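Asker: Residue-level listing of the chains:
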Amino acid sequence: MNERQAKLRSIAGSLLAEGRVSLFIGFGPGLEPSRPVPWFAKNADEAGKLVLDPFCGPGLARYLLDETAAGPAGIVARGCDGLGLERLVADKRVGRDQVYVVGVACRGAVDPDKARRLAGRPVFGAEVNGETVALTTAGGRLSFPRSDCLLDRCLACADPSPRTADTWLEEPLPGAQREFEGVEALEKLGPDDRYAFWARHLERCLRCHACRNACPACNCVACSLDNPEWLERTTGLADHFMFHFTRAYHVAGRCVACGECQRACPVGIPLMLLNEKFMKDIRDLFAVPDPHRPQEAEPLGHFSPDDPEGWREGDETL
Amino acid sequence: MKLMRAGALPRLLETLGRQAQVYAPATEDGLVLLRPWTGQAIATSYVNPVNSLKGLVYPQTEAVLEFTGGDENLSLREAPAPAPQVVFGGRPCDAAGLALIAQVLLEGTFVDELFRRRREATTVLTVACREPGPYCFCRAMGVSPADERGSDVMFYPADDGYLVEAVTARGEEALQAVAGLLAPAPDTGARDACRELRIPLAEKLTTDRLAARLEGFFEHPYWEQVARRCRSCGTCAYLCPTCYCTAIFDTSRGTRGRRLRGWDSCQFKDFLLMAGGHNPRPAKKQRVRNRFLHKLSYSPANHGAYGCVGCGRCVEKCPADLHMVAVLTDLGEVLP
Amino acid sequence: MNPLVPEIATIKDIIPETGDVKTFVVEPDNTGSFAYRPGQCAMVSVFGVGEAMISITSTAARRGPLEFSVKRVGRVSGALHEAEPGHKVGVRGPYGNWFPLEDWAGRNLLFVGGGIGLAPLRALINHCLDERDRYGRVDIVYGARSPQDLCFKREIMENWPRVKDVGVHLTVDAANGDWQGAVALVPHFLERLGPSPEGTVAVTCGPPIMIKYTLASLTKLGFADDQIVTTLELKMQCGVGKCGRCNIGAKYVCLDGPVFTYEQLKQLPQEY
Ligand SMILES: Cc1cc2nc3c(=O)[nH]c(=O)nc-3n(C[C@H](O)[C@H](O)[C@H](O)COP(=O)(O)OP(=O)(O)OC[C@H]3O[C@@H](n4cnc5c(N)ncnc54)[C@H](O)[C@@H]3O)c2cc1C
Ligand code: SF4
Ligand code: SF4
Ligand code: SF4
Ligand code: SF4
Ligand code: SF4
Ligand code: FES
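Residue numbers (the numbering used here), protein chains in the order written: chain A, 12 to 329; chain B, 926 to 1261; chain C, 4 to 275.
It cannot be assumed that every hint is accurate.
[Unchecked claim] Below 30 Å or equal to it, Euclidean Cα-Cα: the simulated DSS-like pairs (lysine-lysine) are:
#1 K60/A <-> K927/B
#2 K1194/B <-> K103/A
#3 K1194/B <-> K215/C
Honestly, the hints are just simulated from the structure, not real lab data. Since this is a predicted model, take the numbers as computed values, not measurements.
Could you build all of it, start to finish, from the sequences and the hints given here?
Answerer: Next up, the structure:
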C-alpha cells in the first residue's frame, strides 16, 4: 500500500500517544477517494485513519490559528503549509514551539474536479510521475499531462517542502525560483482589456470570504473587511473591486503564495494573479528574490533608518 | 403537455423577453451561471448552475427603502416594484428550494413583501433532470428530479427538445405567449424518465426518521469534532438554494441613503455578536451545529420539510468538504 | 404593506434616566401610536445608522405616545443618544409576544429587574397597577450597579411605593453618595427578602448574567418553573421571523418570545 501514509500514521500516532501534541492535523477520508478532508486526530485511533496521497488538497496552515490554543498541535506540512506556518509565526499569531511539523516532499496535488472532468467518471486514485498524472478509474488507468490535472497553485509552486520541520517523512525537495508568467501575460493587455478581465471575474464574487478565511496571512483578530465603516456591505461590482483591492493590499508582502484563497473560491476567481502582481513588483522594485517567503526584513513591513525616502512623520522632505 | 424542439429555445426566450428580463444558463470561465440572456449561447451540459435560483428572486442585496432629508425633515420612499423576469434553466431542486424559502417568508404572522413582489414578478422555467451529477442527492431530502414545487413551467429534456408543461397559471400564461413554438406531445416518456431517474448518492444516505433521531443530539461531541475543519465562511449558505438568512443595514451619503437587506450566514463568527460583546455562538461547533440542525431538525419542525434539497452545491464547493452529504453519512453512523 | 418599512416618528421628549440610559418619548407622525401589550417591542431606527429592537416601556392603556428607554451601547443606540427633541426616527412594530397577564388574576406579583431590564417590566408594572384590584400583593425588586444607574427614579421612589400593597425594594451593587438602601446583587438581595412562592408569579428581566442567577434564586425560594416568567435577548435584524437571526433551536425570539416561562426556557437548547 501507500508507504508514506503508513509512516505518517505511525509518526502521528506516536506523537499523540507520547502526549507531545494534543492534536494532529492532516487529511482524513472524505466522501470519495479524490476528496480527502482536513482531519484532526486526537488519538492513535484517529491517527490511524490519516490519508496521504496526491489528492490531499486543502491548505492546513490556517487551522493552526484555532488549534494551537489548547496545546501543541502536530501538522503534516507541504511547502505551502510550511510557508503558511512561517507567516503565522512571523505575525506572532502562533508560537513555533506550539507546532510539531512533519515535513513532506510534495509533487503536486490533483484537483478532484479537473480529474473527474478529464476522466469523465469517478476517480479512485492518482499518481504523479514527473510530467504525467495517472488516474485510476473503474475503467482502468488513464494518463494525463500534469498541467491539466493539478490544482492551479501546484502548477506554479516553487516550494515542494517546508523550509523547516521537526521531523521529515521523506527527503525534502529543494525550493526553486517562482515565475510570474500569468502576471506578465496580464500586464501585456491594455488597461481596458485588463479592466474587462477583472470585471468579468469579480462580477461573480459572492463575498463569501472563503478566500480570506482560507488564508494564513489574513490572520488579524478583527478584519477590516468585516467593518462596515471600511467596506460597505453592498454587493455591486464597485464593492467587489473595493473588497479585492483591500484584501490583496492587506496581504501584499505577506502572502506566501500558498494559493489556498484561489482553491477555496467557489466561483473560480483567479486571486493568485492579484497576489502575484504584488510579489512580482516586490521582487523587481525591492530586489527580493523570493518575495513570497517570509523574510527577516519584510519588504513592505520593515523600516530602515537609512531609507532614501525617510519616514513620513515629521519628515521635511515629504 | 407540449413538445418544443431544442432549436426553438432562443425564440422562446426572445418572445418572453419582450415583456421581461430573461435569465438563462451561460458558460463563463468554465463555469455555468444563470445570467441575463441577451442572445448568447445557452449552456445545456451542466448539472446545476453555480448560482442557484435563489439569488434571482431573493437578491444578495436589495433596497428596502430610500430616505432623504435631515434630522427634522425626513421622507421615505419604498423600494420600487421589481420588473418582470423569466428564469430559464434552474433545476427542480433549486425550484423546490425557492418554494421552501417562500414558505418561510410568506407564511405566518408577517409576509415578506420584497420577496412576494419579486416572486410574483418571476416566471420560473425549470429544466428537469435526465442525468444526476456526482453530488446530487435530492431524493434523500424528499425532492425528485421532476419535482414541480416552486416551478411555473417544467421542461423535460427529450431527444430533440423538451416536453413542456405548465404548473401554475403564470406558467400557463407564459406558454400561451409562445404557443406557436409548441406542438402536441407524442407521449410522456421524457417526463416519466425524469420522474424515475435514479439518484445513486441519495440511495447511500438514510434520512429516515432523522428529525426524531436527532432529538437529544444537541450536546453530542460529534459537533465539535466535525466543526474543526469549518472555516466559517459564507460559501455554503450563499450557494445554498434554501438558506435565507439576511442582515438589514443602512448606507448613506449626505442627506440621502438607503436601507438594504442582504444575505448573511449563521456560519460567520459575528452572526450573533451583540452590542457589549456577548455572542451566543462564539464557537465553530455551535455554528456548524446550528446550520445542520436548522436544516435537518428545526426546519422540519417549523415548515414540515428539510432545509436542504440535495442540490450538491455545498458538497462540491465547501473549501473544507464539510457538507450535507458528509454530515448525513456521519450521522448514519453516530446516531442511534 | 412591507413590514420592514418603518413609520416616521418624531421624538417629542428625551428624559435622561442615568449616565447611559435615556427615555425617548416618540410619536409616529401619521398614526400617533399603535396597539401593543406589555412586553412587546418595536424596531426603532435612526436613518443612515440602522435599527435596534427596543422594548416599549410605556403602557398602551394610558394612551400616550410611545416610550423607549435606551441604553447607549453601540451604533444605533449611540445615534439615538445624540438625537434631540424634534428629530425624526423610524418605528415599526409591535413585535413579539407579551407577558401572559391574562392568567394572573388574583395572584401575587413579584417583579425582579436589573438595570435597563426594568424597561419592559415598567410597561407591565404600570399596566398592573392601573388595574390594581385584579392582583394580590405586588413586590418590585430592582437593582443597578450604583444608585446613579437606577432608571425611572420618579416611579421607583415615588409613584409605585404609594400604591396600596406594593413593596418596592431597591438595591445597588456598590453604594456611593448618600445611598441609604441595600447593597447587594439582585439575586442575593432577593433571597434575603425571601418572598413566598405561594400564589405568586415572578417576572424577571435584566442582563443575562443577572437572569441566570435570579432564576436559580427563585427556584431556591420554591418557585416552580411555570411560576417564573422572563425575557430573552438575542441579536435581531428583521423582528418579524424572516431574517433567520434570532433562533434558539426551532424557536425564534422575535416571534415566539421575548417572553418565556422558565418551563419553556428549559425546553430550549442552552444557547443564548
Ligand atoms: C427583545 C429585545 C428587547 C430589547 N429591549 C431593549 C430596551 O428596552 N432598551 C435597550 O436599551 N435595549 C434593548 N434591547 C437591546 C438592544 O436591541 C440592543 O442594545 C441594540 O440593538 C444595540 O444596537 P446598537 O446599534 O446600539 O449596537 P451595535 O453593537 O452597533 O449593533 C448593531 C446591530 O446589531 C443588532 N444588535 C446588537 N446587539 C443587540 C442586542 N443585544 N439585541 C438585539 N439586537 C442587537 C442590532 O440590529 C443593531 O442595530 C433589546 C433587545 C431585544 C432582543
Ligand atoms: S493570499 Fe492566498 S496565496 Fe497568499 S497566503 Fe493568503 S491564501 Fe495563501
Ligand atoms: S472566495 Fe471567491 S467568491 Fe468568495 S469572497 Fe473570495 S473571491 Fe469572492
Ligand atoms: S461548512 Fe464549508 S462552506 Fe460552510 S462555512 Fe464551513 S468551510 Fe465554509
Ligand atoms: S445544504 Fe448543500 S446540498 Fe443541501 S440544498 Fe443547501 S447547498 Fe444544496
Ligand atoms: S443554515 Fe444558517 S444561514 Fe442557512 S438558513 Fe439556516 S440559519 Fe440561515
Ligand atoms: S429577528 Fe429576524 S427572525 Fe427574529
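Asker: Indicate, hint by hint, whether the structure satisfies it.
Answerer: Against the structure, the hints come out as follows:
1. For a cut-off of 30 Å, the pair hint linking K60/A to K927/B is broken: about 54 Å separates their Cα positions.
2. Using a Cα cut-off of 30 Å, the hinted pair K1194/B and K103/A holds, with the two alpha carbons roughly 22 Å apart.
3. Our distance criterion of 30 Å between C-alpha atoms is met by K1194/B and K215/C, whose separation comes to about 24 Å.
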